[in-house]
Structure formats: C-alpha cells, structure tokens
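Enquirer: One-letter residues, chain by chain:
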Amino acid sequence: MKILKNKTALTGFGIILFFSIMAVIAPLLTPENPVNSIGLASPLSVPEWATVFPQYRSLPPNTQYIHGGGFTSETELNSWRFSPANNTLTDSNMSIHYSWVNPSASPSNLNEPSLKIVVPSPMNMEETTLTLSTEFTYKYSPPHRFITGFELLVANTTTTQIRVTITIAGPSGNYTLLQQTVPTNANTWIRVSADSASEQMIQQVTPNNPLAQVAPIVLGRVGNYTLSLTLMLPKATGSTVVYVSSVSFYVYGSVYGVLGTDDQGRSVWSQFVYGARTSLEVGLLAALLTIALATLVGVSAGYYAGFVDETLMRINDILLSIPVLPLLLVLILVIDISSVKVDLNNLIILLIGLLGWQVYARAIRSQSLSLRERVYVQAARTLGVRPRVIIRRHIIPHLTGLIFALLAQAVPTAILLQAALAYLGFFDPNIFSWGRMLGEAQAYVVSPVSGFVWWWFLPPGIAIALVSMAFILIGNALNEEFNPKLQERT
Amino acid sequence: MPELGYILRRLGYAILTIFIIANINFLIFQLIPQGLLNINPVYFFIPASAGSSWPPSLILQVESTLGLNQPWDVRYLKYIEAMFTAHFGYSFQAGHQPVSQILEEYAPRTILLISTVLIASAVAGSLLGAKAAINRGRLDKFLQLTSFSTFSLPDFWIGLMLLFLLSVKFHLFPISLSTAETTPNGSYTGINYVTHLLWAMTLPWVTLFIVTFGSYLVIVRNTMINVLAEDYIRMAKVRGIPNRLILSKYAMRNSILPVISTLGIQLAKTLTGAVIAETVFSFQGLGYTLFVSIENQDFPTVQAIFFIVAVLVVLGNLLVDITYSFIDPRIRFR
Chain A
149 MKILKNKTAL
159 TGFGIILFFS
169 IMAVIAPLLT
179 PENPVNSIGL
189 ASPLSVPEWA
199 TVFPQYRSLP
209 PNTQYIHGGG
219 FTSETELNSW
229 RFSPANNTLT
239 DSNMSIHYSW
249 VNPSASPSNL
259 NEPSLKIVVP
269 SPMNMEETTL
279 TLSTEFTYKY
289 SPPHRFITGF
299 ELLVANTTTT
309 QIRVTITIAG
319 PSGNYTLLQQ
329 TVPTNANTWI
339 RVSADSASEQ
349 MIQQVTPNNP
359 LAQVAPIVLG
369 RVGNYTLSLT
379 LMLPKATGST
389 VVYVSSVSFY
399 VYGSVYGVLG
409 TDDQGRSVWS
419 QFVYGARTSL
429 EVGLLAALLT
439 IALATLVGVS
449 AGYYAGFVDE
459 TLMRINDILL
469 SIPVLPLLLV
479 LILVIDISSV
489 KVDLNNLIIL
499 LIGLLGWQVY
509 ARAIRSQSLS
519 LRERVYVQAA
529 RTLGVRPRVI
539 IRRHIIPHLT
549 GLIFALLAQA
559 VPTAILLQAA
569 LAYLGFFDPN
579 IFSWGRMLGE
589 AQAYVVSPVS
599 GFVWWWFLPP
609 GIAIALVSMA
619 FILIGNALNE
629 EFNPKLQERT
Chain D
203 MPELGYILRR
213 LGYAILTIFI
223 IANINFLIFQ
233 LIPQGLLNIN
243 PVYFFIPASA
253 GSSWPPSLIL
263 QVESTLGLNQ
273 PWDVRYLKYI
283 EAMFTAHFGY
293 SFQAGHQPVS
303 QILEEYAPRT
313 ILLISTVLIA
323 SAVAGSLLGA
333 KAAINRGRLD
343 KFLQLTSFST
353 FSLPDFWIGL
363 MLLFLLSVKF
373 HLFPISLSTA
383 ETTPNGSYTG
393 INYVTHLLWA
403 MTLPWVTLFI
413 VTFGSYLVIV
423 RNTMINVLAE
433 DYIRMAKVRG
443 IPNRLILSKY
453 AMRNSILPVI
463 STLGIQLAKT
473 LTGAVIAETV
483 FSFQGLGYTL
493 FVSIENQDFP
503 TVQAIFFIVA
513 VLVVLGNLLV
523 DITYSFIDPR
533 IRFR
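Quick note, the sequences are listed as chains A and D, same order.
Mapping of the first sequence onto my numbering: residues 149 to 638, in sequence order.
Mapping of the second sequence onto my numbering: residues 203 to 536, in sequence order.
Hint data in this document are derived by calculation from the structure and do not stem from the laboratory.
Values in this document were obtained by computation on a predicted structure and should not be read as measured data.
The C-beta atom is built at its ideal place from N, Cα and C for all residues, glycine as well.
Be aware that a few hints might be false.
Unchecked claim - Computed footprint of chain A on chain D; a stretch qualifies when at least three of its residues, placed anywhere within it, have a C-beta under 8 Å from a C-beta of chain A:
(1) 226 to 232
(2) 319 to 329
(3) 344 to 357
(4) 491 to 499
(5) 507 to 518
Stated by the list, open to error - Reference excerpt, derived from the structure (chain A facing chain D, CB under 8 Å, subset only):
(6) V183
(7) V370
(8) S469
(9) L481
(10) V482
(11) I485
(12) L564
(13) A568
(14) V594
(15) A613
(16) S616
(17) M617
(18) I620
(19) L621
The whole structure should be built from the sequences, with the hints applied where relevant.
Expert: See the structure below:
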C-alpha cells in the first residue's frame with residue numbers, strides 16, 4: 149500500500165500511536181486522579197524540571213521538615229531540645245523525664261513512635277510549662293503555604309485541658325503560629341494543627357492585615373529556623389504523663405510533578421494524560437457515528453438515485469446551512485434545563501456525531517453514483533439481485549477507502565469541536581479534557597498577576613494541534629490514494 | 203448572465219430553507235420541550251421570576267403575541283408571524299431589551315468580521331495556492347505544511363496565544379471590546395467609534411484568518427495542478443500565448459470555481475469559528491452574545507441569534523450560488 153511509504157502519513161500514525169498509548173496507560177503514568185487531587189502543591193506550581201531555569205531555581209518543593217514525625221527513633225531525640233531539660237541526675241522527684249516510646253508501646257491505637265514526658269507529682273502542684281524545640285534549614289524562596297501540627301495525649305485523668313503554643317523563630321523574625329487551649333482526654337490522641345492559609349493563623353501572625361500571606365512572611369529568608377512546641381499543663385494531682393507524636397512542618401511547594409499544578413493545586417500532568425483519553429475517545433466515537441450516518445445517507449442517495457437522491461440531498465443542503473456550534477450550544481442548553489438526566493460527555497458525543505455528516509454524505513453519494521454504473525453492478529441488477537445485497541456486496545466494499553479517508557477528516561473535526569465546547573465551559577465536572585484545561589487556564593493566562601502559566605496552557609494546545617494534524621496528514625495520504633477526484637497528476 | 207429562472211429558483215429555495223429553519227426553531231423551543239422534556243415553553247419566553255422585573259403589560263404582550271398559553275397549532279401560526287415580523291421577544295437579562303434591538307446592534311459587527319475574513323482568506327489562499335501550483339518546489343512544500351498546521355490548530359488556542367502576546371504582554375490591542383469602547387469621557391462616537399471597533403476586531407480577525415485560509419490554499423493548489431495539466435493549457439502554450447495571460451485567463455479562472463463553492467460550505471464553519479474567536483476576545487458580536495446568553499439562560503436571545511445565524515448562512519449561500527452562476531457558464535443552462 150502506497151500509504152505506508154508516505155513519510156507524512158507515517159508521522160501522523162506515530163503521533164496518534166503516541167497519544168493513544170498515553171491515553172490507555174494513563175493510570176500508570178500518573179498516580180493521581182485529576183478530578184479530586186486538589187491541593188497537591190501550591191496552586192500554579194511550575195513543573196519540577198523547570199528549576200533549571202534561573203527564575204524558578206529557588207522555588208521550594210513539597211517538603212516535610214520534621215523527619216518521620218520527629219521521634220522515629222531514640223537517636224532522634226537528640227535533635228530536640230527540651231525545656232525544662234531532661235534531668236535525671238538530681239532527685240527524680242523534682243525533674244521531668246523525657247524518653248522515647250516505640251510504636252508498639254505507644255498508648256491507645258497510634259502506632260507511631262512518640263515522645264514520653266513524665267512530670268512527677270511534686271512538680272504538678274503548679275502549672276508546668278514544657279517546651280520542645282527543633283531546628284531545620286530552609287533554603288528556598290518564601291513559600292506559598294505551610295501546615296504544622298502534632299498529636300498529643302495527656303494520660304492524667306484529672307487534667308481536662310492543656311494550653312498549647314507553636315512558635316517559630318528564624319531570620320525573618322519570631323512568630324507565634326498557634327495558641328490554643330485544647331480539651332484533653334486520657335484515652336485518645338488530640339491533634340493540634342495550624343494552616344498558614346487559615347484565618348486563625350492570619351489573625352495570629354498579622355492581626356492588622358487580614359489579607360496577608362503568612363507563609364512568605366514567616367519563612368521569608370533562607371536560613372535556620374527553630375520550631376517550638378509549648379505545652380502548659382495546669383495543676384494536677386499525681387504525676388502526669390504526656391505523649392507527643394506526629395510532629396510535622398510541611399511546606400507546600402511551588403514546584404510539582406511533570407507539568408506543575410493548576411489553580412487548585414491539581415496535577416496538570418494527570419489532567420493532560422487523562423485528557424488524552426477523553427479527547428481521543430470522544431473524537432473517535434463521534435467521528436464513527438458521523439461517518440456511519442454519512443454512509444447511510446450517501447449510499448442510499450447514490451444508489452437509489454432519482455427521487456430518493458433528490459430529497460436526501462435537499463435535506464442535506466438545508467441542514468448544511470445550520471452552523472454546528474450554535475446548534476450544539478442550544479441543544480445542550482435545552483436538555484440541560486430539562487428534567488432529563490444525561491451524562492454530559494455521552495450527550496456531547498452523540499450530538500457531535502449527529503450533526504456533522506452532511507459534508508461526507510455528499511462525497512459518498514457521488515462515489516456511489518459512479519459505482520452504480522459499474523459493469524458488475526449493472527449485471528447484478530439485471531439478474532434481479534436485491535438492492536440491499538448489491539449495496540452490501542458491491543458498493544460498500546469499494547467505498548472503504550473513501551470512508552477511511554473521510555473518517556480521518558471527521559476525527560479532527562470532532563476533537564476540535566469537543567475541545568471548543570469544553571473550552572466554553574460545557575463539560576462534565578468529572579471528566580477532564582484538553583479543551584477544559586485551556587478554558588480553565590484562560591483566566592490566568594491573561595491575568596498580569598500570575599504571569600504566563602505556560603506549563604498549563606501550552607501542552608493541551610500543542611497536543612490538540614498535533615493530534616488533529618496527525619489525522620489530517622493520514623487523511624490526505626488516504627485521499628490521494630482513494631478519492632478519485634483528488635488524484636494528483638504531475 | 204444566468205437566466206432569470208435559475209436565480210428565481212435559488213431564491214425560492216433559500217426562502218424555503220429559512221422557513222424550515224424557523225420550523226426547526228419552533229421544534230426545539232416549543233414542541234420538544236413540551237412533548238419530550240416536560241418543560242412548559244412559557245419559560246423560554248418569559249423568565250421564571252418574571253414577576254420581579256417585568257412589568258405585567260410586557261408579560262401580557264408577549265403572551266398574546268406568541269399565544270403562549272394556547273394549544274400548539276395556534277402557537278405555531280403566531281410564532282411564524284412573529285418570526286417574519288422580526289419580533290423576537292425580550293431579553294431575560296437586566297433591562298429586558300427587545301431582542302431585535304440587541305441583534306441590530308451586534309449583528310453588523312459579526313457580519314463585517316466574517317465577510318472580510320472569508321474574502322481575504324479566499325483571495326490570499328488562492329494567490330498562494332496558485333503560486334504553489336506553478337512553482338512546485340520548496341515553496342509548495344512549505345505552503346502545504348503551513349496550511350496543514352494552521353488548519354488543525356484549535357482556534358481558541360491561537361486566539362489565546364495572540365491575546366496573551368499582543369494584548370497582555372505588549373499592550374498592542376485591547377483585551378476586550380468594551381475596554382476599547384470607553385474612555386474616561388464615555389463611549390466613542392463617529393469616526394472614533396469606527397476606528398476603535400476595527401482595532402478591537404483585529405485580533406479576532408487574525409485568529410479566524412489563520413484557521414481559514416489554509417483550506418483555500420490547498421484547494422486552489424490541487425485544482426490548479428489539474429488544470430495546468432489539461433490539454434487546452436498546452437495548446438495555449440503551443441500557440442505562443444504569453445504565460446501570464448495563460449495563467450490569469452485560463453488557469454486561474456478555472457481554478458476559482460471550487461473556491462467559490464467552498465466559500466459557501468465554509469460559511470457555516472466560519473460562523474462557528476466566530477463564536478469562539480469573539481468569546482476569546484470578548485468582542486461583542488453575535489457569537490459572544492450567543493455564548494453569554496447561553497450562560498445566562500437568556501432564551502429569547504438564544505433563539506433569535508440561532509435563527510439569525512442560520513438565516514445569514516442561507517443568504518450567504520444564496521449569494522455564493524448566484525456568483526457562481528455568473529462565473530460558471532455551465533450552470534446557467536440547467
């Protein structure tokens with residue numbers, strides 16, 4: 149077949165193969181489901197590999213600065229400073245004892261290593277303040293957001309509440325991140341956490357400016373930072389045992405993944421890969437429907453000729469006058485507000501398929517008309533073979549080349565149409581497609597604040613263009629071979 | 203000069219098509235909702251919360267003009283009457299403007315945009331295609347590649363790129379028509395209005411042009427190649443007719459026919475493209491208004507725009523057919 153030697157057609161095949169494989173193995177390529185993976189990193193993060201460019205070099209990645217919850221092993225205790233200090237030399241009745249507890253011995257059901265603090269009863273006559281501090285180094289530009297927190301359990305039934313404070317000290321100043329009184333329960337772990345984007349923390353750190361961004365202020369400079377957790381135990385009878393575990397200081401990075409994130413922190417790469425699925429699926433199915441309809445109409449008009457031909461072609465021409473996109477929008481609108489529940493994606497496939505057949509029907513019709521006059525068809529008719537059989541046996545097989553050529557034109561039209569619809573906002577919320585990505589990226593592309601979000605905006609556009617072009621190239625090669633009207637003469 | 207009968211037939215055909223489109227409109231907005239989808243068609247003409255913003259006289263007027271609470275055959279007759287008197291109802295959006303007013307304001311812009319794009323694409327595509335067909339070499343390959351790539355690019359993506367590059371980054375063009383239209387002293391009038399309209403129209407125009415001219419290039423190139431291989435061209439060369447004359451009088455004239463028929467088919471596609479291009483640039487023409495109306499579920503406007511757009515396509519096709527008959531003598535004596 150001549151087509152296989154055609155370089156442009158081979159390129160087309162290659163591109164389509166590439167994207168088809170990407171679409172099929174999508175779940176393997178990306179661990180995240182694009183629909184619900186919100187907040188994987190900061191919104192509008194750049195791809196990881198973009199850090200080779202100077203303007204992105206110092207952007208922070210997603211990092212947890214407290215390793216393993218702070219107390220993974222006994223030696224980890226050394227990275228913490230305690231105040232009042234661990235003092236076992238003097239009278240043990242007057243000193244606080246810090247020790248490490250391994251997971252299995254951890255109380256309740258938290259299977260994590262934890263720190264055990266014992267406050268002997270003599271000290272419990274008054275309020276006791278315990279401070280745990282650790283250090284970490286931050287070497288990037290100010291981050292967008294962080295969250296911090298820990299879990300604690302107070303094993304003393306008379307204590308009902310405890311006051312906790314989280315503070316951080318560093319090159320850009322000392323800040324209290326959280327100050328809270330938490331009720332305690334001798335049997336369950338209490339989680340204390342603070343989010344830099346939350347109102348409470350904004351209130352804490354910048355009480356005069358409710359719109360401030362806390363994270364860049366707190367971690368404003370490269371350097372060493374000290375995170376301190378302060379627990380204020382009220383008076384109690386008997387000794388108190390406090391367990392602390394799962395300490396975390398997590399910075400939401402501004403770089404993420406293969407293609408960064410969108411405005412809600414979703415992975416763009418996962419959207420891209422799953423979008424390949426949608427675009428190819430919709431394109432192929434809608435195009436198949438269109439060509440099937442076109443063949444039906446075209447062969448009927450071409451073979452039966454006469455009155456049937458006239459009417460079908462009149463209808464064809466009339467429907468050609470109706471522009472597709474407005475009709476699509478109108479139909480989607482009307483069906484949307486009705487009480488009929490349809491899967492929007494399938495509806496779009498159906499509508500695109502039903503509305504595009506006119507152009508192809510004409511081509512099939514003219515080909516059928518000429519096929520009809522072939523000798524073997526005439527012979528079959530003379531012999532009285534039923535029309536349906538003639539069509540099936542003689543006409544359609546000779547149309548296959550043309551049908552494939554037309555199919556190769558119908559697919560990019562369908563893909564572009566679906567992309568346009570998704571871009572305009574008509575999509576199923578659970579389904580991602582390239583058009584949708586472009587529609588959602590638009591607000592940020594033209595906003596001067598966020599800059600040009602190239603990692604979000606370029607890949608889907610280029611992908612749509614490549615896939616369309618691939619099909620058109622293949623279609624051209626097929627056309628040259630099978631469509632007699634366009635056969636080239638040198 | 204084609205015979206009168208042909209023109210009359212095409213005209214009648216066009217009127218029939220418009221009538222059928224009006225029927226389709228009725229089908230979509232009155233029969234189908236009532237029959238299949240259980241919506242009262244009243245909602246398509248009077249907003250559900252009309253009590254709040256529409257004066258009762260208005261509601262009564264709409265109801266009587268369209269016969270909204272009467273059986274469907276009465277409604278049908280009234281509807282046809284309304285369509286042909288261009289009485290399209292009142293927009294649901296604030297200010298309940300009569301839809302025909304909205305159309306009057308926005309339709310000319312879109313018509314200007316589309317007609318100029320189509321003509322320019324056809325001309326540019328034909329010239330380039332002819333060039334490619336004549337000197338088949340590197341220029342040919344290059345032009346083919348260009349036309350393929352531009353043909354397959356999504357128009358909204360090109361639009362966005364242009365918007366970003368030229369409007370945001372380099373501030374050469376306005377971001378939307380409204381920013382072009384108003385100054386601190388109010389809207390432009392007169393010649394200023396026209397220049398600003400054209401300025402705002404440039405980017406949508408370029409976007410549409412990029413995706414349209416490719417098809418003409420390819421068609422003219424292919425046709426021209428076939429024509430140049432014909433015997434009569436050879437004969438002309440043998441007879442010593444200068445090359446330029448051969449090209450313009452014999453080759454070009456015969457290659458133009460497919461261009462004109464493509465123009466007709468492309469009209470509908472270009473309207474689709476205009477919807478997208480206008481939306482990307484927020485250029486207030488028919489396409490953008492259609493999009494906004496659909497978002498706001500402003501049914502009277504949606505219906506009217508849909509109808510007008512289809513009518514425009516029919517009229518455009520009529521124009522194309524008549525032009526075609528002037529140029530192709532074979533058609534005249536059908």
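Enquirer: If a hint holds in the structure, say so; if it does not, say that too.
Expert: Verification of the hints:
1. 226 to 232: holds (count 3)
2. 319 to 329: With 0 residues closer than 8 Å to chain A, the segment 319 to 329 of chain D misses the three-residue bar; violated.
3. 344 to 357: holds (count 7)
4. 491 to 499: holds (count 5)
5. 507 to 518: Contact hint for the segment 507 to 518 of chain D vs chain A: holds, 6 residues under 8 Å.
6. V183: violated, 23 Å
7. V370: violated, 31 Å
8. S469: Given a least distance of 5 Å, the restraint on S469/A holds.
9. L481: holds, 5 Å
10. V482: holds, 6 Å
11. I485: Result: holds, 7 Å to nearest chain D Cβ.
12. L564: Holds - the Cβ of L564/A comes within 8 Å of chain D, reaching about 6 Å at its closest.
13. A568: Holds. Min distance 5 Å.
14. V594: Hint on V594/A: holds, closest Cβ of chain D at ~5 Å, below 8 Å.
15. A613: holds, 5 Å
16. S616: holds, 3 Å
17. M617: holds, 4 Å
18. I620: holds, 5 Å
19. L621: holds, 7 Å
In the structure shown, a violation is registered for the earlier hints numbered 2, 6, 7, in ascending order.
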